[in-house]
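Residue numbers (our numbering), protein chains in the order written: chain A, 1 to 262; chain B, 263 to 653.
Calculated directly from the structure, the hints in this document are not laboratory data.
Misleading hints may appear alongside valid ones.
[Unchecked claim] DEER-style ranges, computed between Cβ atoms: (1) Asp323/B <-> Pro173/A: 22 to 30 Å; (2) Glu35/A <-> Gly385/B: 49 to 57 Å; (3) Glu268/B <-> Asp66/A: 29 to 37 Å; (4) Glu102/A <-> Glu498/B: 50 to 58 Å.
[Said to hold, decoys possible] Straight-line alpha carbon distances no greater than 35 Å define the calculated DSBU-like cross-link-like pairs of lysine-lysine that follow: (5) Lys206/A <-> Lys239/A; (6) Lys125/A <-> Lys74/A; (7) Lys125/A <-> Lys621/B; (8) Lys470/B <-> Lys338/B; (9) Lys74/A <-> Lys239/A; (10) Lys338/B <-> Lys206/A.
Note that CB positions come from ideal geometry on N, CA and C, so glycine has one too.
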Amino acid sequence: MTSSIEVGVAGVGLFMPGFPTAADWRAGRASDEPELPTGSRLDRRARGRSSVLTKALAEAYFEAADAAGVELGKGSAVFGSALGEVGTMLGLLNQMWRDHEEPSPMAFALSVHNAASGIVSIATKNRGFTTSLGADHDTPAMALMEAIGLIAERGEPVVVVCGEEPTPTALVPDDEAWELATMAIALAPLSDHDDGTPVRLRGPFKVAPTLTGPELRPMLARNPQVGLLDLICAIEAGKSGTIALDRGRGAGWCMEVLVADG
Amino acid sequence: MTLRVEPVAITGMTLSNALGSNCDEVRDALAAGDSRLGPSPVKVPFETAVGAIRVELPSLDGALTPWSTRLTRIAKRLVINLELELAALRERWRPERIALILGTSTAGAETTESAFQHFLATGELPEDYDLWRQHTYGAVLHVMRALTGAQGPGWVVSTACTSSAKPLASAQRLIGAGLIDAAIVGGIDTLCAMTLCGFNALGALSSKPCRPFSSARDGISIGEGGALLLLERSGEPIVWLESVGESSDAYHISAPHPQGLGAQLAMQRALDRAGCSPAEVDHINAHGTGTPHNDGAEANAISEIFGNEVPVVSTKGYTGHTLGAAGATEAVLASFALTDAWIPASLGASPVDERISIKIATERTEGSFRRVLSNSFAFGGNNVSVLLRSA
Numbered sequence: 001m002t003s004s005i006e007v008g009v010a011g012v013g014l015f016m017p018g019f020p021t022a023a024d025w026r027a028g029r030a031s032d033e034p035e036l037p038t039g040s041r042l043d044r045r046a047r048g049r050s051s052v053l054t055k056a057l058a059e060a061y062f063e064a065a066d067a068a069g070v071e072l073g074k075g076s077a078v079f080g081s082a083l084g085e086v087g088t089m090l091g092l093l094n095q096m097w098r099d100h101e102e103p104s105p106m107a108f109a110l111s112v113h114n115a116a117s118g119i120v121s122i123a124t125k126n127r128g129f130t131t132s133l134g135a136d137h138d139t140p141a142m143a144l145m146e147a148i149g150l151i152a153e154r155g156e157p158v159v160v161v162c163g164e165e166p167t168p169t170a171l172v173p174d175d176e177a178w179e180l181a182t183m184a185i186a187l188a189p190l191s192d193h194d195d196g197t198p199v200r201l202r203g204p205f206k207v208a209p210t211l212t213g214p215e216l217r218p219m220l221a222r223n224p225q226v227g228l229l230d231l232i233c234a235i236e237a238g239k240s241g242t243i244a245l246d247r248g249r250g251a252g253w254c255m256e257v258l259v260a261d262g
Numbered sequence: 263m264t265l266r267v268e269p270v271a272i273t274g275m276t277l278s279n280a281l282g283s284n285c286d287e288v289r290d291a292l293a294a295g296d297s298r299l300g301p302s303p304v305k306v307p308f309e310t311a312v313g314a315i316r317v318e319l320p321s322l323d324g325a326l327t328p329w330s331t332r333l334t335r336i337a338k339r340l341v342i343n344l345e346l347e348l349a350a351l352r353e354r355w356r357p358e359r360i361a362l363i364l365g366t367s368t369a370g371a372e373t374t375e376s377a378f379q380h381f382l383a384t385g386e387l388p389e390d391y392d393l394w395r396q397h398t399y400g401a402v403l404h405v406m407r408a409l410t411g412a413q414g415p416g417w418v419v420s421t422a423c424t425s426s427a428k429p430l431a432s433a434q435r436l437i438g439a440g441l442i443d444a445a446i447v448g449g450i451d452t453l454c455a456m457t458l459c460g461f462n463a464l465g466a467l468s469s470k471p472c473r474p475f476s477s478a479r480d481g482i483s484i485g486e487g488g489a490l491l492l493l494e495r496s497g498e499p500i501v502w503l504e505s506v507g508e509s510s511d512a513y514h515i516s517a518p519h520p521q522g523l524g525a526q527l528a529m530q531r532a533l534d535r536a537g538c539s540p541a542e543v544d545h546i547n548a549h550g551t552g553t554p555h556n557d558g559a560e561a562n563a564i565s566e567i568f569g570n571e572v573p574v575v576s577t578k579g580y581t582g583h584t585l586g587a588a589g590a591t592e593a594v595l596a597s598f599a600l601t602d603a604w605i606p607a608s609l610g611a612s613p614v615d616e617r618i619s620i621k622i623a624t625e626r627t628e629g630s631f632r633r634v635l636s637n638s639f640a641f642g643g644n645n646v647s648v649l650l651r652s653a
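Next comes chain A alone, as it looks inside the complex (with noise of 0.2 Å):
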């Protein structure tokens, strides 16, 4: 095991197409609108200008923020995603050399990784840490512990959001093909008396999972950071073990879910 850190869960947030909220998921109550996320609490221009991956992770962001109390323009954030804004490197790629037209500007500026984390901080006009990571199937993972590092140190919540836009098509065969997903878990230290916190989680470590993630939808199934779905499904049923953060296609990554009285 390489962490006896344990944390507390303050709040959760999602955004999937047909599952805008993660009351939404939680009710297993799927809806047609919206199919994509609007960034209803960006600003105008970040609103047009961001991509659907932006506007996901921070619809999830907000939403799992919110339920922490955790107050906006404070606190850390941890983005993670294993492509990126891979769909609007494609698009400049489409530009420069199918169109033979010079890149936009702004799209260059925003095919960064950490595009969500930047519009996120200057939204919440935020000037504390926030980062933006990648590690394959193992990035949920390695956010968490990004973020369980974080708390140890400073004592104070993160907000870690995983998420990636739908398959890049010309990279990716249609059988290894997925869909839009974005979670996040807003993590809060615990208090040296603290034995309230209904939920609190450990990890991660490398163990043998006693707990199973929900049955979904292939193309669901297939999103690189579904580790975090699972995490937050083993969350809401409330029951205490250890889930795999990477549906078996990354190292082994767990986190150890402790539930009072689970």
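Since the structure of chain A is already known, use the hints to place chain B on it.
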């Protein structure tokens, strides 16, 4: 509340870029005042100078062959340079307690660009192209794990031009929290058409070798390269990593805050976390990209915190802006002041812009340097300042 952190031993370091394939070659080129910025090997429809690695890179063989890209071949160059130090690291710590935290902004974009051109020409991707093995962040992690034996936590930070400075902070945090004992940190970026064309479209690219802080500066020169540093809970340090300050501008996705507020915050946080006063810093390796706005904002920020007497150098006139590799590269370059007792001339800076009041070192300067700060600032308003102390 001011957060204090414990220093971490840096027990090994290397780099490879336009100046040379290892620390000795790079040091010699800096001492000679050689710029290696020249014509771009990547075909673009405009004139620019780049810092390209113009020597043969080692190949990836055997089981690693499918992961072979320019990025992973630079990674192998760096690992070869650190062979002895890595062997010592593996003797001191269990593999699962050694983390691998890297940074890149381009990842495998150079390979994907070639694949995409093939796709446009033929309607199919090249047979040997594999997104997961050649483009993603996991690809370089896989190769580095295989080459170094590190089996602990591993991720790639991608925050544009701060990508390889932030891993130093992550590693210091994980060591401080007892989650790991050691870390291999750093970053790699390669030249590619998208970054050259993108910066050109932003009007930020110079057609000639860049001249940070000069009155004649008119933009950046892009470079490529990589750097690695070994961080350990305990050990015989070459230099100490004292602290890292991180902040966000919360201002604009691609333009710095005009007064450099986020940059000031990053530098002040680095000082606070080390419990160190501005007067205790003897040299600053500036982000110093060579664009009028960036250099002006950074100079304001430095002046606000440190006054105008600490010698400041931008090394981008030698290497070009290595983007996602710049943070780690310049941490290594800044550490040379601590180990070798001299700093290079800020190449191309003379004549210094008279609106810049900080002390730009326009000539190689010898002296006793106990603490140095290295700045990296990025798109997204992401700022990092790395504070190093002599051993």
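Right, here's what the structure says about each hint:
1. Asp323/B <-> Pro173/A: 22 to 30 Å: Taking Cβ atoms as reference, aspartate 323/B and proline 173/A lie about 27 Å apart, which means the hint holds.
2. Glu35/A <-> Gly385/B: 49 to 57 Å: 29 Å, violated
3. Glu268/B <-> Asp66/A: 29 to 37 Å: Hint holds: Cβ distance 35 Å, inside 29 to 37 Å.
4. Glu102/A <-> Glu498/B: 50 to 58 Å: With Cβ atoms ~52 Å apart, the hint holds.
5. Lys206/A <-> Lys239/A: Cα-Cα ~19 Å, so holds.
6. Lys125/A <-> Lys74/A: 9 Å, holds
7. Lys125/A <-> Lys621/B: Distance of about 32 Å is within 35 Å: holds.
8. Lys470/B <-> Lys338/B: 31 Å, holds
9. Lys74/A <-> Lys239/A: Within the cut-off at roughly 31 Å; holds.
10. Lys338/B <-> Lys206/A: The given pair, whose Cα atoms are some 27 Å apart, holds under the 35 Å limit.
Consistency with the previously given hints fails for number 2 only.
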